[in-house]
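Colleague: Residues per chain are reported as follows:
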Amino acid sequence: MAEFETPEEILHAAERARAEGYRRMDGYSPFPVEGLAEAVGFGKTKLSWIVICGGLTGACGGFFLQWWPNVIGYPLNIGGKPYNSWPSFIPITFELTILFSALSAVFGMIALNGLPQPYHPVFNAPNFDLASRDRFFLCIEARDPKFNLQATKDFLASLEPVDVTEVDN
Amino acid sequence: MDPVETDNRAAVVEIEEVLAPGHTYRSVSDRVSDMVLTWPVGYRWAAGLALALGLLFTLHIALAWVFTIGVGVWGINIPVGWGFAITNFVWWIGIGHAGTLISAFLLLMRQKWRTSINRFAEAMTIFAVACAGLFPLAHMGRPWVFWWILPYPDTMGLWPQFRSPLVWDVFAVSTYLTVSLLFWYVGLLPDLGTLRDRAKKRITKIIYGIVSLGWRGSAEHWSRYEMCSLLLAGLATPLVVSVHTVVSFDFTIALIPGWHSTIFPPYFVAGAIYSGFAMVLTLAIPLRKYYHLEDFVTMKHLDFMAKLMLATGLVVTYSYLMETFMAFYSGNPFDRYMMLNRMTGPYAKVFWTLIFCNLVGPQVLWLSKIRRSPWALFAVSLVVQTGMWLERFVIIITGLHRDFLPSSWGMFYPTRWDYMTFLGTLGLFFTLFYLFIRFLPMIAIHELRDLVHKTNEESAAVAH
Chain A
-16 MAEFETPEEI LHAAERARAE GYRRMDGYSP FPVEGLAEAV GFGKTKLSWI
34 VICGGLTGAC GGFFLQWWPN VIGYPLNIGG KPYNSWPSFI PITFELTILF
84 SALSAVFGMI ALNGLPQPYH PVFNAPNFDL ASRDRFFLCI EARDPKFNLQ
134 ATKDFLASLE PVDVTEVDN
Chain B
8 MDPVETDNRA AVVEIEEVLA PGHTYRSVSD RVSDMVLTWP VGYRWAAGLA
58 LALGLLFTLH IALAWVFTIG VGVWGINIPV GWGFAITNFV WWIGIGHAGT
108 LISAFLLLMR QKWRTSINRF AEAMTIFAVA CAGLFPLAHM GRPWVFWWIL
158 PYPDTMGLWP QFRSPLVWDV FAVSTYLTVS LLFWYVGLLP DLGTLRDRAK
208 KRITKIIYGI VSLGWRGSAE HWSRYEMCSL LLAGLATPLV VSVHTVVSFD
258 FTIALIPGWH STIFPPYFVA GAIYSGFAMV LTLAIPLRKY YHLEDFVTMK
308 HLDFMAKLML ATGLVVTYSY LMETFMAFYS GNPFDRYMML NRMTGPYAKV
358 FWTLIFCNLV GPQVLWLSKI RRSPWALFAV SLVVQTGMWL ERFVIIITGL
408 HRDFLPSSWG MFYPTRWDYM TFLGTLGLFF TLFYLFIRFL PMIAIHELRD
458 LVHKTNEESA AVAH
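Residue numbers (the working numbering), protein chains in the order written: chain A, -16 to 152; chain B, 8 to 471.
Bear in mind the hints are in silico, worked out from the structure with no lab data behind them.
A couple of the hints might just be wrong.
To be verified - Computed list of lysine-lysine pairs in DSSO-like fashion (alpha-carbon distance at most 27 Å, straight line):
{"hint": "1", "chain 1": "B", "residue 1": "119", "chain 2": "A", "residue 2": "27"}
{"hint": "2", "chain 1": "B", "residue 1": "461", "chain 2": "A", "residue 2": "27"}
{"hint": "3", "chain 1": "B", "residue 1": "208", "chain 2": "B", "residue 2": "307"}
What the hints assert, rightly or not - If you only want the chain B side, here are some residues facing chain A, beta carbon under 7 Å, derived:
{"hint": "4", "residue": "29"}
{"hint": "5", "residue": "33"}
{"hint": "6", "residue": "249"}
{"hint": "7", "residue": "302"}
To be verified - Computed list of chain B residues with no C-beta within reach of chain A, every gap over 12 Å:
{"hint": "8", "residue": "143"}
{"hint": "9", "residue": "205"}
{"hint": "10", "residue": "206"}
{"hint": "11", "residue": "252"}
{"hint": "12", "residue": "266"}
{"hint": "13", "residue": "269"}
{"hint": "14", "residue": "311"}
{"hint": "15", "residue": "347"}
{"hint": "16", "residue": "353"}
{"hint": "17", "residue": "461"}
Just so it is clear, the structure is predicted and the values come from calculations on it, not from any experiment.
Glycine included, every Cβ here is placed at the ideal spot set by N, Cα and C.
Turn these sequences into a full structure, and let the hints steer you where they fit.
Modeller: Quick look at the structure:
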């Protein structure tokens, strides 16, 4: 775990680490740093697909909720007007589309992030509480194939961080 | 260049700031989280909360009375079947819309000035919608069967009337409350992590730790988080427009003159944003003063909000003029009478006060001197909110009290229970708001850090 003071430093460090061949790493920052996610090896998120599916569920569900009672379940003959009065079904369909999309966006994001996860080994790193304040941390995991305690420590030190520490599980 | 020009340039540059210079990631984080974690409670906050709780208690009494005796304790009658309850409902929902606009729409437009105000503006939305939601429940003749408006399979095979705007309202307002709550909570997650990390007492750490879901600021998480925020913003923006449109449909679906008008959806949405920004100003200006937030909520913010208020005020003015013009131009005697009755009938004083509050009063915002003066803005914001409440009152009461058949005409006089219920919801709103500013960061800390970062980048770019 290397501690840095600016977003530029951690981005540069992450890119160097990636060039060095490290793959299992993560960056921790108090606000999103552009480019850091790619530098630590994270690709595109599947969240958009989850949201679209949620939205479609809302749309179809919402329309069906109105269509079935009015056409099949308990149709009411009001002056011979059509049972499938779809224009009047639009507002509720629209609202439920938005609702389901929003629910899938939020719960999708939380679930994909693996949250809630009150405990994670990185919380044991000294000064890690600064990750939510003003410091940036780059962590190279022991699961990485290139990981070697001393070599990795030396490599991280070469990136000129404020501090290099070991984190226990 | 001559000194005068340089001075003007410096003044212009100063007003361009959305964040006072000299802040670092640590200073903004500490400043905002200190307000929650380390600052003492203060007698002003306690006094404010006590007043709000007093009004909340009034609400309890008023609602208990209405539920026990019935809606006859209000001034409603035939022909005026809707009185304060629906006025208040539309007023509160309208106020909520500005918060979502600031959070969602300004995010999509990449406006930096949203950062310092979006957290408490979104909180304002949630509390406003909570207050609004009480009224459809309270105003029912048979509130004990309120669940009949929800679609569930029952033994008689009955369903709600999906073709009615009243049912559309249920879905729209529920969706709006849920989405606003989600958007607000998502925005809070990283800040709850900050509070957890800075908390000194164990119990505080545990509570914030639970609600922050273990947020650790991982780059991977931030990437999904940003996508989620963007998507929510994209969803919330059309939602805002649709919710108040559906609310306006509650009126347009009726036949009576003054209600059955296609101008209502855009007119109501513009009016909602108008009163919403007024409420944001009403909240931002005292917060800024008493919590010394001038570094974050700068004159630029107040200036922008004032300009938006003026702009929406002009849209509302245009709507009134069009409504009046079309009423007379249409040749329809009922529409013409409706307009004349508003201007010269029994509620004329209310109508002209409304015109002053909404059309005339805010014209002072053209003057930059007024826009730069927080207390003038505060006064204007209160005037606008009063005006918008009166607008809903005028639409509902004058529309209902005299429609097609003169023998059906009547008058509406509010009772003390009407006033108590309304003031009570102000109590609910401010109680929730006082609790919010005590226990949660009122400015989005992680967005402030991002703003510091972007400001540093910009000045570095300018320096080169």
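Colleague: All hints, please: hold or fail.
Modeller: Hint-by-hint comparison with the structure:
no.: 1; hint: B/119 to A/27; verdict: holds, 26 Å
no.: 2; hint: B/461 to A/27; verdict: holds, 24 Å
no.: 3; hint: B/208 to B/307; verdict: violated, 37 Å
no.: 4; hint: 29; verdict: violated, 15 Å
no.: 5; hint: 33; verdict: holds, 4 Å
no.: 6; hint: 249; verdict: holds, 6 Å
no.: 7; hint: 302; verdict: violated, 17 Å
no.: 8; hint: 143; verdict: holds, 15 Å
no.: 9; hint: 205; verdict: violated, 7 Å
no.: 10; hint: 206; verdict: violated, 10 Å
no.: 11; hint: 252; verdict: violated, 8 Å
no.: 12; hint: 266; verdict: holds, 18 Å
no.: 13; hint: 269; verdict: holds, 15 Å
no.: 14; hint: 311; verdict: holds, 23 Å
no.: 15; hint: 347; verdict: holds, 34 Å
no.: 16; hint: 353; verdict: holds, 35 Å
no.: 17; hint: 461; verdict: violated, 10 Å
Hint compliance for this structure: hints 3, 4, 7, 9, 10, 11, 17 are broken, all remaining hints hold.
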